[in-house]
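Whenever a hint applies, use it, and build me the whole structure from the sequences.
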Amino acid sequence: MKITFKLFAGLSAYLPSDATRNSTEIDVQLGETVHQVIDRFNVPREEAHLVMINGIYVSPEQRDLSEIRAGDTLAIWPPIAGG
Amino acid sequence: MSWTGKILRVDLAKGACTTEATNMEWAHDYMGQRGLATKYLVEETDPTVDPLSPDNKMIFATGPLTGTIAPTSGRWSVVCKGPLTGAIACSNSGGFFGAELKNAGWDMVIFEGKSASPVYLDITNDQAELKDASDLWGKSVWETETALRERRGDPDVRVASIGLAGENGALYAAVVNDMDRAAGRSGVGAVMGSKNLKAVVVRGTVGVTVNDPMALMKTSNAAKEALAENAVTGTGLPTHGTQVLMNVINEIGALPTRNGHDVQFDGANDISAEAMAEVRESDGEANLVSNHACFGCPISCARRSKIDPTHFTVKDKPQYQIVSGGLEYEAAWALGAANGVNDLEALTYANFVCNEQGLDPISLGATIGAAMDLYSAGAISQEDTGGVALEFGNTEAFVAMVEATACGEGFGKELGQGSRRLCEKYGHPEFSMTVKSQEFPAYDPRGIQGMGLTYATSNRGACHLRSYTVASEVLGIPEKTDPLVTEGKAGLVKAFQDATAAVDSSGTCIFTTFALSGEDIAPMVDAACEGDWSVERFVEVGERIWNMERQYNIAAGFTGADDTLPERLLKDAAKSGPAEGSVNRLDEMLPEYYEQRGWDTDGVPTAETLGRLGL
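One line per chain: the protein sequences are A and B, in this order.
Those letters in the first sequence? Residues 2 to 84, per the working numbering, in order.
Those letters in the second sequence? Residues 4 to 618, per the working numbering, in order.
Everything labelled a hint here was simulated from the structure, so no lab data went into it.
A hint or two may mislead.
Said to hold, decoys possible - Not everything, but these chain B residues come out facing chain A in the computed CB check (under 10 Å): (1) 248; (2) 444; (3) 514.
Virtual Cβ for every residue (Gly too), placed ideally from N, Cα, C.
Structure follows, in structure tokens:
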């Protein structure tokens, strides 16, 4: 099944080469968790600070449990701030 | 110690500069900068004063840590009654001017009255003199700063000045120092202009004496180490700047778009930190040239940008084909998403113009957004706008309005009065995205509940820098809370407000708090200053300042009824994102906030609270 995968700031280097503007469409397996996707794209787990599915925060404890659904958007940032 | 113990009082009507001792009893109770300057304003002025009359005073203030070896010690503030809001105004800036003023030997400069003709204040250590500025009136910030530096023949002088916006009385005019750092909000530049004061130029070589130099070195080094090791202050902010938030806030559905009609902007990535770093096809360069640091700052979050020289905004204007202050997140949002404009180069140009002529980009962008809303609704037409089709997303129209406002020409004069006055004039006060007449910044309270309470209760009108609960609600600093719930937000807002007031009064930057707590900052104040500065005292000073500002606003005529949000945020649900279907539930937070503050149900501090804080 297809999802939208987004990596921002310093993590964008881990996106596949066909990605445009921090975003790409990827295939995920039924039951695949957030951590499994993070590992598959070699994103260091400690760098995956802000993780969101459809804009809703996924805490570190949930990342082994949260299954991804078709059509979801998984977006990840390293530690950042602004204001 | 660390306070210089000296205040420069400038009577603009008489043209006289006098020196007086800093009231150290007040310094001990209000620390410095925001707190101490507000105490002076409260004691010396009538809160009902017309902000643009000679009876309003304007104070340039440093904190006890300003100009010391403490990290981020370049901060200084401008305090006065604000012309945009009619409330207390305290606008904080970085750069190098504040540290230079402190090193010249001054805790504060108090300006009173109005000069009969344009003047600037020339300071070299303990020598201060008002000089004729007739030849500088009508000049931009950039021209003024360059001229004064050449006139002094000293490349190390520092300058704070106003541009055309401050001269023309735009109600959100800024005071700009070091070319592109600004005391930006609430219209402090208009107050400066109303006094016929064009600029302050300062050179300071006296230095700052601290109470315990070794202790300050030790605590400062510990703080610098913590800032360097922290992923946000050591890597995230220097690399990406505040603009990295654009995609974050859009993703969570809290990016106010097209004057608050939407909470997500499909052009967000086009105007983000990531876009600033992309190499352009036209000239093979990126918008972002480098980062930049203020005095004594190891974070270095500021951006230096160069506009595409082929872009329509600058192609025939070599004065803008330079490397200068680039977009921060709030500016990029206000100039971009709030208007539906996704042209990064046009936004950078608008940001340059704000620095050049001294305007707050938040209020400017949000006011143009409100005007686009009026145009869409048919409340204004091209007859009003000077022939400009002021539609959302129209980049050329947006640029025309920026230029007109900066120079106070045509419809720009009306835009310079802010969105509350503009929308009231054209019959749609509900289009104004303001609290206490000040435009709110880049976080939609329908998607971040705590920011609704932050805006509603901010003493200087809607502002994110009075309690940045985004840190907790979105970024997980110091711990993650859910942005969509109201539970616990009253206490969170109060804690952020008090801590921020203390940091703003210390002379250091609020961005340190992404890595440091009061446990790190209070020991630096304790080392630099006389007396015992515990964490508890540090935070209590913050709470005292917050209540003092509240009392000033009440005396100025504000009531609990002003602690509210635009109807659009309270009644029109978010249309997309995680907050889809939600409004801001201010009514669930405000009573608890009053209770936790020790205020009555009308939002007035009780006698017990005032007594506890020594007010």
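Checked hints:
Of the supplied interface hints, the one on residue 248/B holds, with its beta-carbon coming within about 4 Å of a beta-carbon of chain A, less than 10 Å. The interface hint given for residue 444/B holds, since its Cβ lies 9 Å from the closest Cβ of chain A, which is under the 10 Å cut-off. Interface restraint check: residue 514/B against chain A, minimum CB-CB distance 7 Å, threshold 10 Å, status holds.
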